[in-house]
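J.: If you want the building blocks of each chain, they are given just below.
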Amino acid sequence: MTVFYFVAFLSIFFALMTIFTKNPVHSVLYLVITFFTFTVHYILLNAQFLAVVNFIVYMGAIMVLFLFVLMLLNLNKDTEPMKSNLVKFMGVIAGCCLLVTFFGVYRVFDISNPLTVVNPEIGLVKNLGKVLFNEFLLPFELSSLLLLTAMIGAILLAKKEPKQI
Amino acid sequence: MEWSFVIEKLILVSIVFVITLVIAMYSTLAERKIAGFMQDRYGPDRAGIFGILQPLCDGGKFFFKEEIIPAGAHKVLFILGPTIAIITACISSAVIPWGQELQIGDRTISLQVAQGINVGVLYMFGVIALGVYGIMLGGWASNNKFSLMGAIRAASQSISYEIAMGLSLIALLMVTRTLTLEEIVAQQSGFVNWNIWAQPLGFIIFMVCAFAECNRVPFDLPECETELVGGYHTEYSSMKLGLYMFSEYINMFVSSALMASLYFGGYNFPFMNDLGWSANMITIVGVIVFFVKILLFIFFFMWVRWTLPRFRYDQLMNLGWKMLIPLAIANIVLTGIFTLIKDTYFS
Chain A
158 MTVFYFVAFL
168 SIFFALMTIF
178 TKNPVHSVLY
188 LVITFFTFTV
198 HYILLNAQFL
208 AVVNFIVYMG
218 AIMVLFLFVL
228 MLLNLNKDTE
238 PMKSNLVKFM
248 GVIAGCCLLV
258 TFFGVYRVFD
268 ISNPLTVVNP
278 EIGLVKNLGK
288 VLFNEFLLPF
298 ELSSLLLLTA
308 MIGAILLAKK
318 EPKQI
Chain B
34 MEWSFVIEKL
44 ILVSIVFVIT
54 LVIAMYSTLA
64 ERKIAGFMQD
74 RYGPDRAGIF
84 GILQPLCDGG
94 KFFFKEEIIP
104 AGAHKVLFIL
114 GPTIAIITAC
124 ISSAVIPWGQ
134 ELQIGDRTIS
144 LQVAQGINVG
154 VLYMFGVIAL
164 GVYGIMLGGW
174 ASNNKFSLMG
184 AIRAASQSIS
194 YEIAMGLSLI
204 ALLMVTRTLT
214 LEEIVAQQSG
224 FVNWNIWAQP
234 LGFIIFMVCA
244 FAECNRVPFD
254 LPECETELVG
264 GYHTEYSSMK
274 LGLYMFSEYI
284 NMFVSSALMA
294 SLYFGGYNFP
304 FMNDLGWSAN
314 MITIVGVIVF
324 FVKILLFIFF
334 FMWVRWTLPR
344 FRYDQLMNLG
354 WKMLIPLAIA
364 NIVLTGIFTL
374 IKDTYFS
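Protein chains in written order, with my numbering: chain A, 158 to 322; chain B, 34 to 380.
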């Protein structure tokens with residue numbers, strides 16, 4: 158339990174650092190560390206597969222892409238665009254939504270009756286695969302279809318228009 | 034957890050660590066010797082017999098060089114870059130099974146550091162994916178255009194080739210039906226069971242991607258000295274440069290070990306169970322055979338380096354995205370069809 162509290166503290170600390178640092182590259186690096194603490198959380202829950210996939214996909218691929226784009230753009234303080242009032246307004250609304258959600262969760266959440274894991278081995282690859290391809294086959298296939306659509310959409314957007322002569 | 038278990042693992046970790054470092058050290062000498070052989074000259078032969086002390090001299094020189102951190106560099110990240118590179122290179126060998134179990138007295142010692150990891154192959158993959166941070170951070174923190182170009186090239190190259198590598202691994206996993214490395218190796222006992230016979234195309238794709246992930250010629254665009262001065266380590270000097278180069282050689286060693294254990298049977302050798310040897314004898318010979326396989330792969334890496342010229346960057350991207358990924362997907366489909374036919378009609 159102490160390990161959990163320590164890692165949870167680290168997650169929140171680095172998440173806050175992500176928001177409060179001025180330099181975008183530092184911010185991304187703090188986010189990488191935050192994701193790493195999530196991986197530790199998954200390992201503590203004995204969800205090995207989820208841990209390793211989180212490690213590969215979020216830390217290894219997505220954050221490298223983030224860093225890649227930031228380095229390519231070479232954002233500095235003087236080139237940073239001014240934040241308009243609209244953006245600030247949207248930020249406030251999003252924050253309020255998060256607060257409402259937290260409040261709702263707090264209302265619903267019953268702390269005297271904690272969830273118990275029926276099968277502690279559920280996070281291992283074999284069991285996860287069986288559950289995913291038997292009980293949750295339709296949602297799984299639908300989400301993969303969604304990802305495929307997003308991928309094709311991204312390729313179409315990135316494709317150059319044919320040159321007009 | 035008993036103390037003897039902890040001590041046993043500590044000894045094993047130290048041995049693996051020392052072997053990794055020694056092999057990486059002597060790879061530098063072997064590379065120059067092989068280059069000399071291929072270009073019809075001697076290579077380094079002044080320090081010791083056949084230049085056998087050359088790596089020690091090089092290491093000593095690295096330590097005594099002046100250490101320069103450029104004025105415009107980001108100091109913390111500049112130091113963090115080579116640190117991450119060497120750490121990720123060293124921790125990746127944890128899941129490789131170096132041999133079968135060893136019987137000493139009534140204790141059974143497993144020759145694998147992290148035993149029974151359910152997701153061994155994926156762990157390996159994750160650590161490789163992490164390795165690019167070292168190059169990216171180092172390149173960016175140098176505050177130098179050439180370093181930045183090298184870092185960006187490294188990042189895009191590694192992301193592109195990771196996809197093809199993962200896809201070729203999926204076909205392999207469809208054959209082996211497990212993600213645990215020791216089980217994958219144990220399945221390949223003898224000679225005909227080696228995965229290379231089941232997955233020749235997958236192996237070729239995996240090997241090309243391993244070359245790209247290690248930033249080896251013909252894929253060493255991140256440190257392409259004709260275009261980028263020195264690539265991502267232009268601003269580095271002293272042992273920090275040494276760590277970058279060292280991590281490259283360790284990566285080469287680990288990926289050779291991975292290829293040998295995934296496709297070429299790891300510690301298995303032909304007729305290993307027909308010779309009537311004791312279990313310990315088989316284990317010891319198996320470890321030696323495994324290292325011979327690894328060294329052959331390392332030699333292959335060097336052979337390619339001094340044979341092929343470097344790709345152009347667009348050729349690199351075309352090869353990754355338009356050749357290897359479709360090939361790997363076709364390989365997955367074919368493997369699926371064969372597995373299905375085999376299971377329905379021949380089981």
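Rather than coming from a laboratory, the hints here were simulated on the basis of the structure. Just so it is clear, CB atoms sit at the ideal spot from N, CA and C, and this is done for glycine as well. Misleading hints may appear alongside valid ones.
To list a few chain A residues with every Cβ distance to chain B over 10 Å, as calculated [as the list claims (entries may be wrong)]:
#, residue
1, S168
2, F195
3, L201
4, A218
5, F225
6, S241
7, N242
In silico contact screen, one side only, chain B against chain A (beta carbon under 8 Å); selected entries [stated by the list, open to error]:
#, residue
8, N151
9, V152
10, L155
11, W173
12, L181
13, A188
14, V208
15, L212
J.: Evaluate each hint against the coordinates.
T.: Quick rundown of the hints versus the structure:
Distance check for S168/A against chain B: the nearest CB is about 19 Å away, which clears 10 Å, and the non-interface claim stands. The non-interface label for F195/A is consistent with chain B: the shortest C-beta to C-beta separation is roughly 13 Å, beyond 10 Å. Against chain B, the non-interface label of L201/A holds: every CB pair exceeds 10 Å, the least being about 15 Å. Residue-level check failed: A218/A sits 6 Å from the nearest beta carbon of chain B, not beyond 10 Å.
In this structure F225/A is not separated from chain B by more than 10 Å, as the shortest Cβ-Cβ distance comes to only about 5 Å. At roughly 29 Å from the closest C-beta of chain B, the C-beta of S241/A stays outside 10 Å, upholding its exclusion from the interface. At roughly 33 Å from the closest C-beta of chain B, the C-beta of N242/A stays outside 10 Å, upholding its exclusion from the interface. Because the closest C-beta pair between N151/B and chain A is about 5 Å apart, less than 8 Å, the hint holds.
The beta carbon of V152/B comes within 5 Å of a beta carbon in chain A, closer than 8 Å, and the hint placing it at the interface holds. Hint status for L155/B: holds, given a least beta-carbon distance of 4 Å to chain A, under 8 Å. Because the beta carbon of W173/B sits about 5 Å from the nearest beta carbon in chain A, less than 8 Å, this interface hint is met. Of the supplied interface hints, the one on L181/B holds, with its beta-carbon coming within about 6 Å of a beta-carbon of chain A, less than 8 Å.
A hinted interface residue such as A188/B counts as satisfied when its beta carbon comes closer than 8 Å to some beta carbon of chain A; here the least separation is about 5 Å, so the hint holds. This hint is violated: V208/B has a C-beta 16 Å from the nearest C-beta of chain A, more than the 8 Å allowed. A least Cβ separation of about 6 Å between L212/B and chain A falls short of the 8 Å threshold, and the interface hint therefore holds.
Hints 4, 5, 14 from the list above are not met by this structure, while the remaining hints are.
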